[in-house]
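S.K.: Residues per chain are reported as follows:
There are 2 protein chains.
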Amino acid sequence: MVTFADVAEAAVRLSGVANRTPVVTSRRIDAALGLHVELKCENLQRVGAFKFRGAYNALARFDAEQRSRGVVAFSSGNHAQAVALAARLLGIPATIVMPHDAPRSKVAATRGYGATVRPYDRYTEDRAAIAASLAAEQGLTVIPPFDHPDVIAGQGTAALELFADVSALDALVVPLGGGGLLAGSLLAAGALAPRCRVYGVEPAAGNDGQQSLRAGRIVTIEPPQTIADGAQTTQLGTLTFPIIAERVTDIVTVDDAALTAAMRTLAATTKLVVEPTGCLGFAGLESLRETLAGTRVGVILSGGNVDLDVLAGALRP
Amino acid sequence: MVTFADVAEAAVRLSGVANRTPVVTSRRIDAALGLHVELKCENLQRVGAFKFRGAYNALARFDAEQRSRGVVAFSSGNHAQAVALAARLLGIPATIVMPHDAPRSKVAATRGYGATVRPYDRYTEDRAAIAASLAAEQGLTVIPPFDHPDVIAGQGTAALELFADVSALDALVVPLGGGGLLAGSLLAAGALAPRCRVYGVEPAAGNDGQQSLRAGRIVTIEPPQTIADGAQTTQLGTLTFPIIAERVTDIVTVDDAALTAAMRTLAATTKLVVEPTGCLGFAGLESLRETLAGTRVGVILSGGNVDLDVLAGALRP
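Here the protein sequences line up with chains A and B, keeping their order. So for the first sequence, my numbering puts the first residue at 1; every next one is plus one. So for the second sequence, my numbering puts the first residue at 318; every next one is plus one.
The shape of chain A in the complex, shown without the other chains (with noise of 0.2 Å):
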């Protein structure tokens, strides 16, 4: 079980080593919105998105023996570019499997972190079928991108950073893909500001989470198709949906739009190149403002790794 304690400790192993991400406030947006919005900055966090705190997180727990033979990781992104960098800063060898029709600047990036990148496509293949193979025939250790306890701590630190930096909030409102960063923020609001309310957004194309929430177990659904490549899982984890289930206000979902349109939004009104998983928590802000209305509102800007020509496109509507 996963327990606040973790996270507090993941803080402790981040320090110094993880970026601790500013806060920027637009009162263009709080009007426009009749809410006072704090955007926790994952986009200027290393590897350009809150995955790096769980992948070093876990990778520097790593015993001898596993830091010698390496480690695997499967990945839609992100969390490729984290456990690349993590290895690389501890000195582990990395194997990452990720889709083949991933964003080049991840692929790219991630080999540039010096990991060896095998591509599947996540249409046909299991990835964390082909993840397995690799650790029983070399003795690595899978570090998976959301259901991991040491993962799942990491991410909460995000939260308790905000939750430190910031006065008293009303609400926190988290993007949702497998529930990583949302079970962690939610360890970290529990301890930190019980009485904040924390909302998980997730693309309206892909609402495991919350037909999850609704139906009280995981539900499993088909590779949903949306701009929000970093939430393009199939189900939330054993680990991360009890917490979720447990603690959650609500899920809201929006679509790709919805998302384009925040891009643009958050480029213009806060000068910050969002990807549109990124995008999720602000987004989600329209369908929550009458909820809302008048309170302090956290949003997790959770990465900012867009291919320019994607971001290009969202910027001339």
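No lab work stands behind these hints: they were computed from the structure. Watch out, some of these pointers could steer you wrong.
Short derived list, chain B residues pointing at chain A, Cβ under 8 Å [to be verified]:
id: 1; residue: Pro339
id: 2; residue: Gly365
id: 3; residue: Ile535
id: 4; residue: Val536
id: 5; residue: Ile538
id: 6; residue: Glu539
id: 7; residue: Pro541
id: 8; residue: Ala584
id: 9; residue: Lys588
id: 10; residue: Leu589
id: 11; residue: Arg606
id: 12; residue: Gly621
id: 13; residue: Leu625
id: 14; residue: Leu628
id: 15; residue: Leu632
Some chain B residues flagged as far from chain A (calculated, every beta-carbon gap over 12 Å) [what the hints assert, rightly or not]:
id: 16; residue: Asp443
id: 17; residue: Glu454
id: 18; residue: Asp567
Have a look at the derived ranges for each label pair, beta carbon to beta carbon [stated by the list, open to error]:
id: 19; chain 1: B; residue 1: Ala425; chain 2: A; residue 2: Pro242; range: 45 to 53 Å
id: 20; chain 1: A; residue 1: Asp30; chain 2: B; residue 2: Gly408; range: 14 to 22 Å
id: 21; chain 1: B; residue 1: Asp418; chain 2: A; residue 2: Leu89; range: 35 to 43 Å
id: 22; chain 1: B; residue 1: Ser484; chain 2: A; residue 2: Val12; range: 21 to 29 Å
id: 23; chain 1: B; residue 1: Ala322; chain 2: A; residue 2: Arg104; range: 49 to 57 Å
id: 24; chain 1: B; residue 1: Gly431; chain 2: A; residue 2: Tyr123; range: 50 to 58 Å
Idealized CB from N, CA, C, for every residue including glycine.
The hints should help you fit chain B onto chain A, whose structure is shown.
M.R.: Quick look at chain B alone, frame taken from chain A:
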């Protein structure tokens, strides 16, 4: 005469009003340039540019008579927004004389802050004369975009914060238009980091600063054609020039292609939207990298207000 004491007083006046903007680093940029770069994010300042510092500092010093009559300013963009917002915060009526071809985003933002906009043709009309006649007719106080002691002092607070927030810098690289930011930065460096080399960077098409430094007097040029719309100045000021001439290490230039490339690099690598003028300092590192090899270099990213179609164009080379 403006001194560091004025900059320090401005910092007190701006505390809690201006954003204390974050400093961002990128190991990828450091590796590419062979430097350690600390990016001071004035694109995340209120109104999206450092200009808010000088404008607010100047308007906050108005007496009751000046406050009730109002302010008039002339500007190619960010100073306009800065004066408009500072005036609104302080309850002062504002009229802004803006070029008819200023970026649409800047004109809209200035109007959005409640100011009256008076357009002019920058190739045939004299904006200073228009402002002077409005001042004479209506008793308004003119706040020029750079050549004013309170403006220079306010702009110096960005460098003051940077010196306070990061360890000893070997060099500071600053965008140069009329010289308000550079002069203020030089005052801050002189007091806080006397061994720090300070460079100004201006558009190659408008290198009046470099010419003035070489000639030892203020050289006036034709309005330059450059995408760095915030640096389309024709001469340094009578207050900024002596400070720059006495203290600056050197002035270098960059062309528009380098500014476009810098916008792209900063968006892709640091996840920051920076306007062309705001990229001057970063783009200038290319010609300074041999001189500064291996050193710690502060760079002011001076603003982020760029029309989204211009940004989109820069992202698709």
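S.K.: Could you run down the list of hints and mark each one as holding or not?
M.R.: Hints, one by one, checked against the model:
no.: 1; hint: Pro339; in the structure: holds (4 Å)
no.: 2; hint: Gly365; in the structure: holds (6 Å)
no.: 3; hint: Ile535; in the structure: violated (33 Å)
no.: 4; hint: Val536; in the structure: violated (33 Å)
no.: 5; hint: Ile538; in the structure: violated (30 Å)
no.: 6; hint: Glu539; in the structure: violated (31 Å)
no.: 7; hint: Pro541; in the structure: violated (25 Å)
no.: 8; hint: Ala584; in the structure: holds (5 Å)
no.: 9; hint: Lys588; in the structure: holds (3 Å)
no.: 10; hint: Leu589; in the structure: holds (6 Å)
no.: 11; hint: Arg606; in the structure: violated (20 Å)
no.: 12; hint: Gly621; in the structure: holds (3 Å)
no.: 13; hint: Leu625; in the structure: holds (4 Å)
no.: 14; hint: Leu628; in the structure: holds (6 Å)
no.: 15; hint: Leu632; in the structure: holds (4 Å)
no.: 16; hint: Asp443; in the structure: holds (32 Å)
no.: 17; hint: Glu454; in the structure: holds (33 Å)
no.: 18; hint: Asp567; in the structure: holds (29 Å)
no.: 19; hint: Ala425/B - Pro242/A: 45 to 53 Å; in the structure: holds (49 Å)
no.: 20; hint: Asp30/A - Gly408/B: 14 to 22 Å; in the structure: holds (20 Å)
no.: 21; hint: Asp418/B - Leu89/A: 35 to 43 Å; in the structure: violated (49 Å)
no.: 22; hint: Ser484/B - Val12/A: 21 to 29 Å; in the structure: holds (23 Å)
no.: 23; hint: Ala322/B - Arg104/A: 49 to 57 Å; in the structure: holds (52 Å)
no.: 24; hint: Gly431/B - Tyr123/A: 50 to 58 Å; in the structure: holds (53 Å)
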